[in-house]
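There are 2 protein chains.
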Amino acid sequence: SLENSLSVAVSSLRGMKGDHDVRRVVHSVKVGVALVLVSLFYLLDPLYERVGENAMWAIMTVVVIFEFFAGATLSKGLNRGLGTILGGGLGCIAAVLAQEIGGVGNAIVIGTAVFIFGAAATYARSVPSIKKKYDYGAMIFILTFNLVVVSGLRAGEVMGIARQRLLTIVMGFVICIFTNLLVLPNWASDDLHISTASKFEHLACSIEGLLDKYFEAVADKENEADRSFKICKSVLHSKAKDETLANFAKWEPWHGKFGLCYPWDKYLQIGEVLRELAATIVSLEVCIRSPRQPTANLRQLIKEPCETAAASLTWTLRELGESLLKMRRCQPEALLLPQLKSARHELRHLVSPSELGHVCNLGEDLAVSTFVF
Amino acid sequence: SLENSLSVAVSSLRGMKGDHDVRRVVHSVKVGVALVLVSLFYLLDPLYERVGENAMWAIMTVVVIFEFFAGATLSKGLNRGLGTILGGGLGCIAAVLAQEIGGVGNAIVIGTAVFIFGAAATYARSVPSIKKKYDYGAMIFILTFNLVVVSGLRAGEVMGIARQRLLTIVMGFVICIFTNLLVLPNWASDDLHISTASKFEHLACSIEGLLDKYFEAVADKENEADRSFKICKSVLHSKAKDETLANFAKWEPWHGKFGLCYPWDKYLQIGEVLRELAATIVSLEVCIRSPRQPTANLRQLIKEPCETAAASLTWTLRELGESLLKMRRCQPEALLLPQLKSARHELRHLVSPSELGHVCNLGEDLAVSTFVF
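Keeping their order, the protein sequence lines are chains A and B.
Taking the working numbering, I'd label the letters of the first sequence as residues 91 to 463.
Taking the working numbering, I'd label the letters of the second sequence as residues 91 to 463.
A few of these clues could be false.
Copies of the same chain are indistinguishable here, so a pair counts whether it falls within one copy or spans any two.
[Stated by the list, open to error] Straight-line C-alpha distance at most 30 angstroms; calculated BS3-like pairs for lysine-lysine: (1) LYS331 - LYS347; (2) LYS320 - LYS356; (3) LYS223 - LYS347.
These are calculated hints, taken from the structure and not from any lab test.
Computed from a prediction, not measured in an experiment: that's the story for all the values here.
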């Protein structure tokens, strides 16, 4: 049943990759629908009479904040709203102050305000912790502040403009939320959950591929092993993608099996441990490519214990991956650890070939990953 | 002299990190200046009479395309220009066609055009190769197309609007180029060049830290070793950052010591090999943490050859890093390889402790990295 459910997970993952194109097409259609909806502000006379040229801002909002993942759309939309309100409010104040002064002083005050707020907000954007979550909001703040403060100089009635624009931006946001979240949403949280669980399976596969290659159980499966090496490297380089997904997942509301304060940071920690394991596998792979290898006899001698150890390793990995995927407590460590320990013990009796040191080390690393749970 | 110039490189790198804050402040001031310059369209009457409300587009352009790196600004600016021209052109054609039909058919044609072009361009954005270079351009294409086609319905004179907006966008772009590229520019190419060269130094340092830790030459330098481990991991996870920098570097014009068709992809290849080496060092680090270790006697026995091997390794790494930094051909392989080979040969005589297998393997890996040159 373990293998069964895992093969289901893997095939669902492959399906995801195959379906990836379908998801992209669905996303494109959703964008098209949202654009047509927002264009209605221009196309329908009663609506146009209400908002006028400001309908432009609704279109801009839809184009800019409609992202693939629900969390990304929410994060951009809220950032845009916040930036607009803050920038618009401060812009109004600055414009009114400048008008009080009047004359040439007016233009000087405005220029100074533009410089100070622009530079300060740009500096804030470059601070990593702000950049991560509020980069887009800061940009919109600069934009709105500037537009409001300089056009206030000409248009006279600043407050009216600001309110109208904010209203149309909110309407664009509402259209985005409806089309993006309510119809076939792409949750970043689902993607992170499945991709983390599948990393266990990927690593198990590459350990198997490595052993097959080393003991040449399969003669000309060179490509197969190269493929597993590639997968292992993709796990190794998954840090940036994981962090982006976790960042989006935190914005996503309660849905499906995930609660409100779901510990997404734990996923990043698990990913980190798995990347350490992947690093070990990659360096093992490089070892195997080395021209200096033990003799065939020696290799036969170590074959069996190595395979036993690898089998218990991959079994453990798959068990952990499956328990993560299904969100159930994994088998008590009492069941998993002795198996790994006995495998390590067996390996310890064979000393010489350097390869063994590595495999042994894998056991160590896994113990670490087990403790994460 | 080798050590001298390397220490200069390292200190310049540290300086860069210390100066990082200075660079950010300079960048913020530059943004402020650009914003004030572009606000002059509103503030000065003669300019405002020329462009009118369209000055808004110049402000928007400056806010949106002014990025930290020169290459990023150029790439965004050119994308914005291209997207605006394409979207505006197609939007004009669609608007004129729709006007020919007239009546209710008008709105239907426009709605259909909005849907088809919006969905198609969004799909194009999700294709990796397009996403990498033209993501922003495609977004601007959708935006401009929509705005032109729907406001053409109302404004009558579409061509005029499109030309005016394009003009103001070009003016915003010119202001950006002047303030970003001509005054203290931040070249992504310089950053990529220095960070790649410093990776060699980082890895050499972490190999030294590792040996110190293993043979406990330094008793309580636990923190020092942890620091070197962290640096090593940052090398391991540098893929995404390197690719971004290389992408920007390709947009940057000829400057300083880099020619027009400088092979930036080679930097990515070197980075890949160095990441493999970093993976080996990380897994070595995990090995050392394992509770199962050889006895102190055995450790003393292997200490000397290990240190010799490590010394020649780090020397080679630094030599390669320095030759990359100074862009000179590195010492002929004839000089480097025999040293590594003899070190490996010496290690081969000591068989048992698994650690040695690793260090030996490092030699292998370096041989690979040497062949890159």
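Results of checking the hints against the structure:
For the identical chains of this complex, LYS331 and LYS347 are intra-copy neighbours only, at 22 angstroms inside a copy versus 34 angstroms across copies, given an alpha-carbon limit of 30 angstroms. Proximity of LYS320 and LYS356 under a CA criterion of 30 angstroms is satisfied in both settings, with 25 angstroms inside one chain copy and 20 angstroms between copies. When the C-alpha separation of LYS223 and LYS347 is checked against a cutoff of 30 angstroms, the pair qualifies only within one copy, where the shortest distance is 25 angstroms, while the shortest distance between copies is 37 angstroms.
Consistency note: the structure conflicts with none of the earlier hints.
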